[in-house]
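2 protein chains.
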Amino acid sequence: MLENKSMVMEVAVLNVIPGRELAFEKDFKLAGKYISSIEGYGGHTLKKCLEKQNQYVLLVHWESLENHEIGYRQSEAYVEWKNLLHHYYDPFPTVEHYETVV
Amino acid sequence: MLENKSMVMEVAVLNVIPGRELAFEKDFKLAGKYISSIEGYGGHTLKKCLEKQNQYVLLVHWESLENHEIGYRQSEAYVEWKNLLHHYYDPFPTVEHYETVV
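Those protein sequences? They're chains A and B, same order as listed.
Sequential numbering of the first sequence, starting at 326, is according to the numbering used here.
Sequential numbering of the second sequence, starting at 326, is according to the numbering used here.
Chain A with its partners taken away, still in its complex shape (with noise of 0.2 Å):
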């Protein structure tokens, strides 16, 4: 990730439906040409759970809170980011954004 501490970081914990792992994995390598289109946007990482199987963390790094909750979220690639990968998740999972402290 190209992490500037100036940037805001999106946060969301995903638990997706057991067994469907791998696929899940698959598509969201396919996605990652979505996320990565939008303005403001400055790299992700998903990362899997030693401890719960099924669950992950997805890392974004957006130059600002707009260019996710507005450039991303109101983009024809975030339809196709949803149609990809929201179908995975149970729960549907919670983003928060953080700013950086230390």
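Some hints could be false.
Pairs involving identical chains hold if they fit within one copy or between any two copies, as the list cannot separate such chains.
Straight-line C-alpha distance at most 27 Å; calculated DSS-like pairs for lysine-lysine [unchecked claim]:
#	residue 1	residue 2
1	LYS373	LYS330
2	LYS407	LYS377
3	LYS351	LYS330
4	LYS407	LYS351
5	LYS330	LYS377
In short, the hints are calculated from the structure, not lab data.
Mind docking chain B on chain A? Use the hints.
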């Protein structure tokens, strides 16, 4: 953070007792020397939630799970870290570890 894709990332969402946020941030900065002294430590960051006033996320990179769970948690440095920070949390946080997929 000096992230390396083979590293394990510790993730802890921290809820600080409301009103204690600034004292927590000050003590967190002091505590950095304890965690960074441990073998296998690869960098850490504390981020503050934009949606929830008293919520933070701590991300720490470790060379291995054992560097955190044994090397750090059984150290004198961890006793100092706990004494400085653990009284700020309510509820006490869940800590999980992740490995990189994408």
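Going through the hints against the structure:
1. LYS373 to LYS330: So LYS373 and LYS330 pass the 27 Å test inside a copy (24 Å) and across (12 Å) alike.
2. LYS407 to LYS377: Answer is both: 24 Å inside a copy and 25 Å across each meet the 27 Å cutoff.
3. LYS351 to LYS330: between (30 Å within a copy, 18 Å between copies)
4. LYS407 to LYS351: within (15 Å within a copy, 40 Å between copies)
5. LYS330 to LYS377: Classified as between; 20 Å across copies, 30 Å inside a copy.
Hint violations for this structure: none, all hints satisfied.
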